[in-house]
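S.K.: The primary structure of each chain is shown beneath.
Number of protein chains: 2
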Amino acid sequence: MKIPPVKGTRDFYPAQMARRNGIIDGWKKVSIRNGFEEYDGPIFEYLTMYQIKSGQEIVEQLFSLQDRGGRELAIRPEITPTLARMVNQTINSLPRPIKWFAVPRLCRAERPQKGRLREFFQWNIDIIGENLGQADAEVIFTALDYLRMVGLTSKDIQAKISSRKLLAAVLTDIGIPPEKLDSLYAVLDKKAKLPAEAFEAVLAEQVPDRNQAKKVLDFMALDAIGQVREVAGTNETIMDAVRDVEKIFAMLEWMGVGEYCRFDPSVVRGLAYYTGMVFEVHDIAGELRAICGGGRYDNLLRDFGGPPIPATGMGMGDVVLEILLQERGLLEKQAIKPPLEYFVTFAEQLLGSDMYRLAAAIRSRGHSANFSYRQGGLSKQLKDATAQGARKCIIIGQEYVERRQLVIKDMATGVQESIDVEQFLSRLSS
Amino acid sequence: MKIPPVKGTRDFYPAQMARRNGIIDGWKKVSIRNGFEEYDGPIFEYLTMYQIKSGQEIVEQLFSLQDRGGRELAIRPEITPTLARMVNQTINSLPRPIKWFAVPRLCRAERPQKGRLREFFQWNIDIIGENLGQADAEVIFTALDYLRMVGLTSKDIQAKISSRKLLAAVLTDIGIPPEKLDSLYAVLDKKAKLPAEAFEAVLAEQVPDRNQAKKVLDFMALDAIGQVREVAGTNETIMDAVRDVEKIFAMLEWMGVGEYCRFDPSVVRGLAYYTGMVFEVHDIAGELRAICGGGRYDNLLRDFGGPPIPATGMGMGDVVLEILLQERGLLEKQAIKPPLEYFVTFAEQLLGSDMYRLAAAIRSRGHSANFSYRQGGLSKQLKDATAQGARKCIIIGQEYVERRQLVIKDMATGVQESIDVEQFLSRLSS
Chain C
0 MKIPPVKGTR DFYPAQMARR NGIIDGWKKV SIRNGFEEYD GPIFEYLTMY QIKSGQEIVE
60 QLFSLQDRGG RELAIRPEIT PTLARMVNQT INSLPRPIKW FAVPRLCRAE RPQKGRLREF
120 FQWNIDIIGE NLGQADAEVI FTALDYLRMV GLTSKDIQAK ISSRKLLAAV LTDIGIPPEK
180 LDSLYAVLDK KAKLPAEAFE AVLAEQVPDR NQAKKVLDFM ALDAIGQVRE VAGTNETIMD
240 AVRDVEKIFA MLEWMGVGEY CRFDPSVVRG LAYYTGMVFE VHDIAGELRA ICGGGRYDNL
300 LRDFGGPPIP ATGMGMGDVV LEILLQERGL LEKQAIKPPL EYFVTFAEQL LGSDMYRLAA
360 AIRSRGHSAN FSYRQGGLSK QLKDATAQGA RKCIIIGQEY VERRQLVIKD MATGVQESID
420 VEQFLSRLSS
Chain D
0 MKIPPVKGTR DFYPAQMARR NGIIDGWKKV SIRNGFEEYD GPIFEYLTMY QIKSGQEIVE
60 QLFSLQDRGG RELAIRPEIT PTLARMVNQT INSLPRPIKW FAVPRLCRAE RPQKGRLREF
120 FQWNIDIIGE NLGQADAEVI FTALDYLRMV GLTSKDIQAK ISSRKLLAAV LTDIGIPPEK
180 LDSLYAVLDK KAKLPAEAFE AVLAEQVPDR NQAKKVLDFM ALDAIGQVRE VAGTNETIMD
240 AVRDVEKIFA MLEWMGVGEY CRFDPSVVRG LAYYTGMVFE VHDIAGELRA ICGGGRYDNL
300 LRDFGGPPIP ATGMGMGDVV LEILLQERGL LEKQAIKPPL EYFVTFAEQL LGSDMYRLAA
360 AIRSRGHSAN FSYRQGGLSK QLKDATAQGA RKCIIIGQEY VERRQLVIKD MATGVQESID
420 VEQFLSRLSS
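Chains as they are written, first to last, in numbering that gives the first Met the number 0: chain C, 0 to 429; chain D, 0 to 429.
Each hint should be verified, as a subset may be incorrect.
Claimed, not checked - Only some residues are given here: those of chain C computed to face chain D with a beta carbon under 7 Å:
1) Lys1
2) Arg32
3) Glu56
4) Ile57
5) Asp66
6) Glu118
7) Gly255
8) Pro337
As the list claims (entries may be wrong) - Below, a sample of chain D positions facing chain C; criterion: calculated Cβ distance under 7 Å:
9) Tyr12
10) Val58
11) Glu59
12) Leu64
13) Asp66
14) Ile90
15) Glu129
16) Gln133
17) Phe218
18) Phe248
19) Thr385
20) Gly388
21) Val420
22) Phe423
Quick caveat, the hints were computed from the structure, so don't treat them as lab data. Note that the Cβ used here is the ideal one computed from N, Cα and C, for glycine as well.
Work out the full structure, taking the sequences as your base and the hints as a guide.
M.R.: Here's what the structure looks like:
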């Protein structure tokens, strides 16, 4: 009986696993150096949790299941609802701001295509308990700190930054009624994904007034926050949102990632829960989906039954990132593949038990060691060592019988040295 | 709207995450030093994959789901079927023996109780392509190498080792027909979990002949492989299995973990697919479920549509292990919680942007740094540094304005030093 893997999932053989480990290790390293602490939640939650605020697209893509008691569960499609639940449960004992990161495995029942799988890993960072632009800038900086570390330059990628607060102020100023904003966001988010004519057609459905629609399009075409300042006139709500965005840009400039960042009001984000800054990082060639995205979500904790605590964060999936790193020749550099340090062999039949003893002693000192299970001749064992890519080969032979000397062969250079077994082991320990 | 977590799952707040990371890191470290390479598969597979060979208990505990095409899937309750599928897919290009490990997240829809949750992590190691006892011993050694590394002694834990091959030979010798063996294994596996009388009652259902049942009980009460040798007489099938077990014990002795190991024919294992060596590690006090278990499964790859390739392996869950480590006072030692190295503050209002610059520079050199988002006075910032447990505090103050000198304060000792900012950064880089 031969059963295939499920479409849209990945098998991580050691070579793929080394790349996945490299990416996740990088995410963890950058999170920690930016002062974030790691958390995680369960792989499934109650289905209703995702129906509150996740946005229609995500709800349609849920993998739902039942437990034996008939309760409706779902595999997590994102971790933010879990984060909100966990923070709400312990809000009074947590210091603020809460700076947390996670690298959850997520599942979405979507049609597998380039850059989209049904199962993937997503780096999440969130700052909770702080409504200042500094926290927003910190989120964007941390994402860029990682992307810069792996070798992506401002010629490869760009952070497109906008603000839902600014967008709301502008749309209100244009005359869009407040109750239409949420559905309009979902439409505006499609701008980059649709041809211009198609986008204008769906926009016309939401904003039938041609003059208003033109103003929306004009705003979305701006490419510097200063231009908004010019058109805002005396509208203080808009100006307030403009100053917030400017603060974020100033801090990103100070922190040395200004060259990666651009104001782009066409970035809206699909999720329903954003309330302030929103951003996406894209490849400059524009060939891929967003590499990461996020923003401020000041109402989510309250919507999940907690107190009204501001929050901001972002998520970066591994699928698009891996494609981009591969295209730029940066993926293999990330791979973490620990080498096999020693291969223990014996030249004299009676010394088999010493081989086991020595291999165990090397391992217990924290170094990797293998040996041949089949006790063939020395040349067969050395062949196994080569096949397994061992760095060094240890030969237990005549010298060992006579005076406890091991022969250590460097497999790259072929150079051999003799060393007393105790001396060798104490060298490993130090 | 307040939604609780699903019962039997865990929230990993940073303190719990540090412990989980510590345990998983230890597993990975020991796997690598024993020459294993990491792999992983998807969190869900086709439901049918688990119905082939996983044993009735596991099949009853599956979390099943459907994809949008109506295909029946299940969250993985174990990773061995995935391993068999992955190896079979690429068997011709893989070097042998295959020594692989994984640390999958697994889910089982069981009633949560002490040592059993509905979601857990399980360390798996497997050696595929080798039918020698050396591979079996290597699996047991690797499990013990980890348990010994974290501080568990032979006074805390014991590896109970037996053999399905031996058991089959003995049961056949007693007169049990071959077609009854599989269902009898499931009963014998209950011996340690039931009171003696209850066990004898269920045994009597499977083996109505009192004389035969007594022989089964007598065999299961043996506690040294030498005793089997005595009772085996001239039965060569039994003697062959005895010699296999003896080889495993000899190798474990040579590798320095002999004191942890004991022959125990009452260890049978619940899973249907074992064919040779079986083992479990238990706490000596006998208060907990098995810490780990495994064995040889020479037919599984063939049952999954592949060639007949021998294999042996084991799994160790994190739930029982964590309870044991906690009881022995060894859990907190495992926790990996990277400290916050630097907290950057500024004493002069105009220097806020330098604070961001410096924090970014420290981070990009691979060190962790935080700062206060709210630009309060220095004493408020130092309070934040203490609250976040920073090791060192950097003060950007008057000395910095005058001659680019930073003040670095050791938060544990209170000792302060002044250093030129460039010198400080170049010290970080080296």
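S.K.: So, for every hint listed, does it hold in this structure?
M.R.: For each hint, the structure was consulted:
Below 7 Å, beta-carbon pairs count as interface contacts, and Lys1 of chain C has one with chain D at about 3 Å; its hint therefore holds. Interface restraint check: Arg32 of chain C against chain D, minimum CB-CB distance 5 Å, threshold 7 Å, status holds. Given the 7 Å rule on beta carbons, the hint for Glu56 of chain C is violated: about 14 Å separates it from the nearest Cβ of chain D. Given hint, Ile57 of chain C at the interface with chain D, is violated; its Cβ is 14 Å from that chain's nearest Cβ, farther than 7 Å.
Because the beta carbon of Asp66 of chain C sits about 6 Å from the nearest beta carbon in chain D, less than 7 Å, this interface hint is met. At about 5 Å, the closest approach between the beta carbon of Glu118 of chain C and any beta carbon in chain D falls short of 7 Å, and the interface hint on this residue holds. Checking Gly255 of chain C against chain D: minimum C-beta separation of about 5 Å stays under 7 Å; hint holds. The criterion of a C-beta within 7 Å of any C-beta in chain D is met by Pro337 of chain C, whose closest approach is roughly 5 Å, and the hint holds.
Interface restraint check for Tyr12 of chain D: the shortest CB-CB distance to chain C comes to about 6 Å, inside 7 Å, so the restraint holds. Interface hint status for Val58 of chain D: violated, as the beta-carbon distance to the closest one in chain C is roughly 13 Å, over 7 Å. Hint status for Glu59 of chain D: violated, given a least beta-carbon distance of 9 Å to chain C, over 7 Å. Hint status for Leu64 of chain D relative to chain C: holds, with the closest Cβ pair at about 4 Å, below 7 Å.
Residue-level restraint check for Asp66 of chain D holds (minimum Cβ-Cβ distance to chain C is 6 Å; threshold 7 Å). Checking Ile90 of chain D against chain C: minimum C-beta separation of about 12 Å lies over 7 Å; hint violated. Against a cut-off of 7 Å between C-beta atoms, the interface hint on Glu129 of chain D holds, since the closest Cβ of chain C lies about 5 Å away. Interface restraint check for Gln133 of chain D: the shortest CB-CB distance to chain C comes to about 4 Å, inside 7 Å, so the restraint holds.
Evaluation of the Phe218 of chain D hint against chain C yields a violated restraint, the C-beta minimum of about 30 Å exceeding 7 Å. A cut of 7 Å between beta carbons decides the hint on Phe248 of chain D: the least distance to chain C is about 12 Å, and the hint is violated. Taking 7 Å as the C-beta cut-off, the interface hint given for Thr385 of chain D is violated, the closest approach to chain C being about 11 Å. With a least beta-carbon distance of about 10 Å to chain C, the hint placing Gly388 of chain D at the interface is violated under the 7 Å criterion.
Look at Val420 of chain D: its Cβ only gets to about 15 Å from chain C, farther than 7 Å, so that hint breaks. Among the interface hints, the one on Phe423 of chain D is violated; its C-beta lies about 16 Å from the nearest C-beta in chain C, farther than the 7 Å criterion.
Against the hints set out earlier in the document, violations occur for numbers 3, 4, 10, 11, 14, 17, 18, 19, 20, 21, 22.
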